[in-house]
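There are 2 protein chains.
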Amino acid sequence: MDEASNGTPLYLQIAERLARAIRAGTLKRGERLPSVRELAAQETVSPSTAVQALRWLEDARLIAAKPRSGYFVASRPAALPEPQASRPAPRSRVVQLDELGQAVLRQSVLPGLISFGAACPEPDLFDQERVRRAFTRVVQRHRDLLCTYPLGSGRAEVRRAVARYALGLGCELQPDDLVMTSSCMEAITLCLKAVTKAGDVVDLESPTYFGFLEILQSLHLRALEIPTPPRHGMVLAALQLALETQPVKAVLVVPTLSNPMGSCMPVAERKRLAQMVAQHDIALIEDVIYNDLAEQEDKRRAVRSFDASGHVMICGSFSKTMAPGLRLGWVDGGRWAQALHKIQSVQSGAQTAVVELALADLLNQAGSAAALRQLRATLARRVDEARALIADSFPKGTRVSDPGGGFILWVELPPGLDALALYAACMAENICIAPGAMFSASPRFRHCIRLGVGGRWGEEHPLALRRIGALAGQMLTVAISQRAA
Amino acid sequence: MDEASNGTPLYLQIAERLARAIRAGTLKRGERLPSVRELAAQETVSPSTAVQALRWLEDARLIAAKPRSGYFVASRPAALPEPQASRPAPRSRVVQLDELGQAVLRQSVLPGLISFGAACPEPDLFDQERVRRAFTRVVQRHRDLLCTYPLGSGRAEVRRAVARYALGLGCELQPDDLVMTSSCMEAITLCLKAVTKAGDVVDLESPTYFGFLEILQSLHLRALEIPTPPRHGMVLAALQLALETQPVKAVLVVPTLSNPMGSCMPVAERKRLAQMVAQHDIALIEDVIYNDLAEQEDKRRAVRSFDASGHVMICGSFSKTMAPGLRLGWVDGGRWAQALHKIQSVQSGAQTAVVELALADLLNQAGSAAALRQLRATLARRVDEARALIADSFPKGTRVSDPGGGFILWVELPPGLDALALYAACMAENICIAPGAMFSASPRFRHCIRLGVGGRWGEEHPLALRRIGALAGQMLTVAISQRAA
Chain A
12 MDEASNGTPL YLQIAERLAR AIRAGTLKRG ERLPSVRELA AQETVSPSTA VQALRWLEDA
72 RLIAAKPRSG YFVASRPAAL PEPQASRPAP RSRVVQLDEL GQAVLRQSVL PGLISFGAAC
132 PEPDLFDQER VRRAFTRVVQ RHRDLLCTYP LGSGRAEVRR AVARYALGLG CELQPDDLVM
192 TSSCMEAITL CLKAVTKAGD VVDLESPTYF GFLEILQSLH LRALEIPTPP RHGMVLAALQ
252 LALETQPVKA VLVVPTLSNP MGSCMPVAER KRLAQMVAQH DIALIEDVIY NDLAEQEDKR
312 RAVRSFDASG HVMICGSFSK TMAPGLRLGW VDGGRWAQAL HKIQSVQSGA QTAVVELALA
372 DLLNQAGSAA ALRQLRATLA RRVDEARALI ADSFPKGTRV SDPGGGFILW VELPPGLDAL
432 ALYAACMAEN ICIAPGAMFS ASPRFRHCIR LGVGGRWGEE HPLALRRIGA LAGQMLTVAI
492 SQRAA
Chain B
12 MDEASNGTPL YLQIAERLAR AIRAGTLKRG ERLPSVRELA AQETVSPSTA VQALRWLEDA
72 RLIAAKPRSG YFVASRPAAL PEPQASRPAP RSRVVQLDEL GQAVLRQSVL PGLISFGAAC
132 PEPDLFDQER VRRAFTRVVQ RHRDLLCTYP LGSGRAEVRR AVARYALGLG CELQPDDLVM
192 TSSCMEAITL CLKAVTKAGD VVDLESPTYF GFLEILQSLH LRALEIPTPP RHGMVLAALQ
252 LALETQPVKA VLVVPTLSNP MGSCMPVAER KRLAQMVAQH DIALIEDVIY NDLAEQEDKR
312 RAVRSFDASG HVMICGSFSK TMAPGLRLGW VDGGRWAQAL HKIQSVQSGA QTAVVELALA
372 DLLNQAGSAA ALRQLRATLA RRVDEARALI ADSFPKGTRV SDPGGGFILW VELPPGLDAL
432 ALYAACMAEN ICIAPGAMFS ASPRFRHCIR LGVGGRWGEE HPLALRRIGA LAGQMLTVAI
492 SQRAA
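Chain order of the listed sequences is A and B. Under our numbering, the letters of the first sequence match residues 12 to 496, in that order. Under our numbering, the letters of the second sequence match residues 12 to 496, in that order.
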């Protein structure tokens with residue numbers, strides 16, 4: 012086996028071969044895998060490479076370790092087919108959203124509601140005491156900063172910490188280029204302001220994050236949605252066609268765990284995407300907010316890591332992975348870095364210095380990696396449980412995404428089912444879901460819903476998921492009988 | 012005397028009459044004023060009204076109390092004439108700033124520099140321990156908020172505290188209408204986004220705050236500068252003409268302690284300004300960031316307090332008056348409140364909840380008023396010292412503003428002096444000043460400089476002020492001899 016042959020590390024070649032065998036049924040559920048020693052001998056690699064391969068498969072939930080017995084092929088929850096790839100029209104559109112999205116957002120956080128409407132992880136998933144200690148420590152040590160007017164694009168400490176963090180995404184960022192923002196959304200808004208003007212065309216995944224459409228609308232930009240299958244992210248051939256035939260100014264993507272589809276772009280395509288935007292001399296705005304939640308380590312690598320020409324603007328935050336209440340985002344604008352610094356300094360200004368230092372403190376702590384590993388495992392169990400409940404209770408013909416991490420599920424209901432009517436029926440029973448129509452600038456996904464399962468998760472949540480399935484079943488029966496009549 | 016006759020409270024009628032007598036020289040420096048009892052008898056008012064009148068004069072630094080002896084006409088520092096009223100061209104201009112302003116801003120905070128370049132008060136002017144305790148208390152009690160994703164326009168606690176605070180500005184604001192922002196500048200940016208589009212005309216004071224021009228430039232708005240004398244703020248007759256003859260979409264003003272001129276609009280004109288924008292159905296964007304620093308209590312009253320139609324958008328922050336490091340601003344958008352909520356939620360999102368709660372804690376503390384009184388007194392002494400130094404060391408023909416509070420002085424140098432050359436000469440000696448050209452979109456104020464005296468104030472600062480005067484004197488001598496040659 013030759014590591015240099017295609018640039019894929021040895022452990023990943025082994026892991027992916029075993030993954031294919033598991034998915035094809037060659038290795039069956041519950042079947043025992045070779046031990047580390049057996050696998051190393053069999054593949055003529057070092058034991059540590061064999062361990063890496065097995066860990067990758069474990070992170071991908073394809074195998075599970077049993078103490079003192081070794082690794083076994085995991086029992087995946089009852090499988091439903093995945094949603095179909097979208098086929099948006101190859102034309103850009105002015106974004107004109109109705110009030111639905113804002114209403115769902117407001118409702119999703121109402122107390123007393125059983126909510127699958129938001130994409131916010133619940134506070135109990137995080138080590139609140141660790142965050143509090145970081146905060147108290149910083150305020151104690153730097154109380155003068157509470158009364159110091161901050162200027163510039165962020166404290167040096169936090170920019171260094173973010174640059175060090177970004178090494179884990181495969182990126183070498185310069186602390187001086189980074190701009191700290193109040194959120195990832197503000198970072199993305201800044202990028203769009205720097206590279207577009209009203210009327211310009213921006214390419215997006217289809218379906219795409221509702222908040223992106225809102226930004227495009229507020230900046231008077233046109234949306235061009237690109238087909239995005241549930242597993243591999245934006246179809247680059249379709250993007251290529253769009254870049255060749257339309258006046259596209261920027262591509263806005265979430266290559267890892269796109270919201271709402273949960274797709275992860277393969278590493279080779281990330282590289283190609285970086286090359287494509289460089290060739291066409293346009294900006295790629297890459298949102299890496301979910302990268303740390305990807306089960307497979309190679310999917311945490313950013314497109315920016317392949318960017319040699321400065322065309323990739325990378326935006327992130329730690330609101331989904333470390334401390335949702337800090338309200339800090341960050342951005343490196345590549346060749347547009349200076350423009351970003353300027354817009355930020357003029358239109359909003361520096362962030363709260365003690366909050367930046369608390370984030371730097373948290374990022375520099377040794378425990379961060381372990382905390383993330385635990386967060387991923389908890390969320391994976393939730394997603395598995397939710398998918399099993401959906402398979403068990405939703406009407407026949409339902410499809411559901413199988414995201415490689417995170418806490419968002421995209422559900423395609425059987426044809427004929429109106430997701431808006433289902434949303435209304437659920438709200439009447441104090442259950443909040445996000446109707447699919449929110450996630451496109453065109454009238455699409457009207458039979459889809461997004462379910463966020465990272466929020467509060469009590470005894471009532473599995474019951475509520477079953478109830479959504481039952482309501483969908485009833486509505487389908489009515490729809491079929493109406494068609495028959 | 013009749014309180015209802017013109018709407019001016021009795022105490023203010025008395026105080027203003029005495030103020031005119033002092034300014035006219037009818038009452039001379041060091042002369043004793045009537046006692047409270049004498050004044051009350053003389054004016055046939057209650058003793059408490061007499062006390063109010065004397066306090067007003069004391070806040071205005073026109074009189075000073077001597078323990079056990081009563082009030083005396085204060086010794087004002089050696090007086091220089093005030094700057095002349097500006098006469099900008101009555102045409103709007105596209106804002107095209109050079110790099111000067113950004114350079115000054117960066118330099119003004121460089122360590123090792125003696126800086127009069129920034130408009131930021133130094134940390135030692137504030138009770139850092141009080142702010143730290145508020146922070147630590149909040150983080151201890153609400154540590155779940157550090158890990159809770161905040162949604163909406165601000166915590167209810169902070170919006171209530173700001174609404175209560177605004178009562179002191181004469182405004183009844185509804186907590187639900189308020190949007191918390193990351194700064195006063197972000198608040199103003201949001202207002203402009205809500206009521207203008209690229210190419211629209213915005214009226215400003217002349218000279219105006221450099222940061223406003225930067226926002227206008229970044230939003231592609233046109234600036235129309237309105238004459239603004241040093242004492243009474245924007246000339247409303249000139250504004251009226253502009254509103255009648257030009258397609259003005261918004262007026263952006265700092266009615267209290269405008270930056271850099273330090274002027275305060277009289278109360279009657281505030282009322283008229285509110286009526287004018289209502290009649291023309293355009294937005295007034297009122298920045299009240301300095302209102303708490305006005306020496307005269309009636310000048311703290313906001314234009315918004317006279318707004319019956321929702322045309323006044325009011326923006327503020329506590330960065331100059333309570334804790335410059337908190338990074339929180341606020342805005343009530345009047346009839347545009349809903350649009351502001353929307354833009355903020357889409358383009359940047361909620362602020363850090365614990366910072367909001369710390370601010371609410373501070374605002375609700377009983378000690379805030381006393382802390383402000385002390386801050387005003389400290390700054391007044393600084394301003395007096397700086398004005399005396401300028402009168403003593405700057406060349407003949409220099410004019411300087413006499414602001415009714417705050418920490419910013421506007422200096423008009425004798426004709427023929429180039430403020431940019433003076434700025435360069437000062438920088439060569441590690442002294443930072445802000446050249447006047449920064450404060451207009453047109454080529455004006457080239458013989459003016461702005462001096463901020465709220466920053467660090469050590470032994471070297473008075474010497475540096477004298478040095479600026481000496482450099483200006485040398486340059487003037489050279490200029491005169493060149494003209495003669």
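Just to be clear, a hint being listed does not mean it is correct.
Copies of the same chain look alike in the list, so a pair counts if it fits in one copy or across any two.
Here are the simulated lysine-lysine pairs, DSSO-like style, with alpha carbons at most 27 Å apart [said to hold, decoys possible]:
#1 K260 / K353
#2 K407 / K39
#3 K204 / K282
#4 K353 / K204
#5 K77 / K204
#6 K260 / K282
#7 K353 / K407
#8 K77 / K208
#9 K39 / K77
#10 K77 / K353
#11 K353 / K39
Since the hints were made in silico from the structure, they are not lab data. This one's a predicted model, so the numbers in the text were calculated from it and none came from an experiment.
The hints, checked one at a time:
{"no.": "1", "hint": "K260 / K353", "result": "both (20 Å within a copy, 25 Å between copies)"}
{"no.": "2", "hint": "K407 / K39", "result": "within (25 Å within a copy, 95 Å between copies)"}
{"no.": "3", "hint": "K204 / K282", "result": "within (25 Å within a copy, 38 Å between copies)"}
{"no.": "4", "hint": "K353 / K204", "result": "both (11 Å within a copy, 18 Å between copies)"}
{"no.": "5", "hint": "K77 / K204", "result": "neither (52 Å within a copy, 59 Å between copies)"}
{"no.": "6", "hint": "K260 / K282", "result": "within (20 Å within a copy, 47 Å between copies)"}
{"no.": "7", "hint": "K353 / K407", "result": "neither (54 Å within a copy, 40 Å between copies)"}
{"no.": "8", "hint": "K77 / K208", "result": "neither (56 Å within a copy, 63 Å between copies)"}
{"no.": "9", "hint": "K39 / K77", "result": "within (16 Å within a copy, 95 Å between copies)"}
{"no.": "10", "hint": "K77 / K353", "result": "neither (55 Å within a copy, 51 Å between copies)"}
{"no.": "11", "hint": "K353 / K39", "result": "neither (57 Å within a copy, 52 Å between copies)"}
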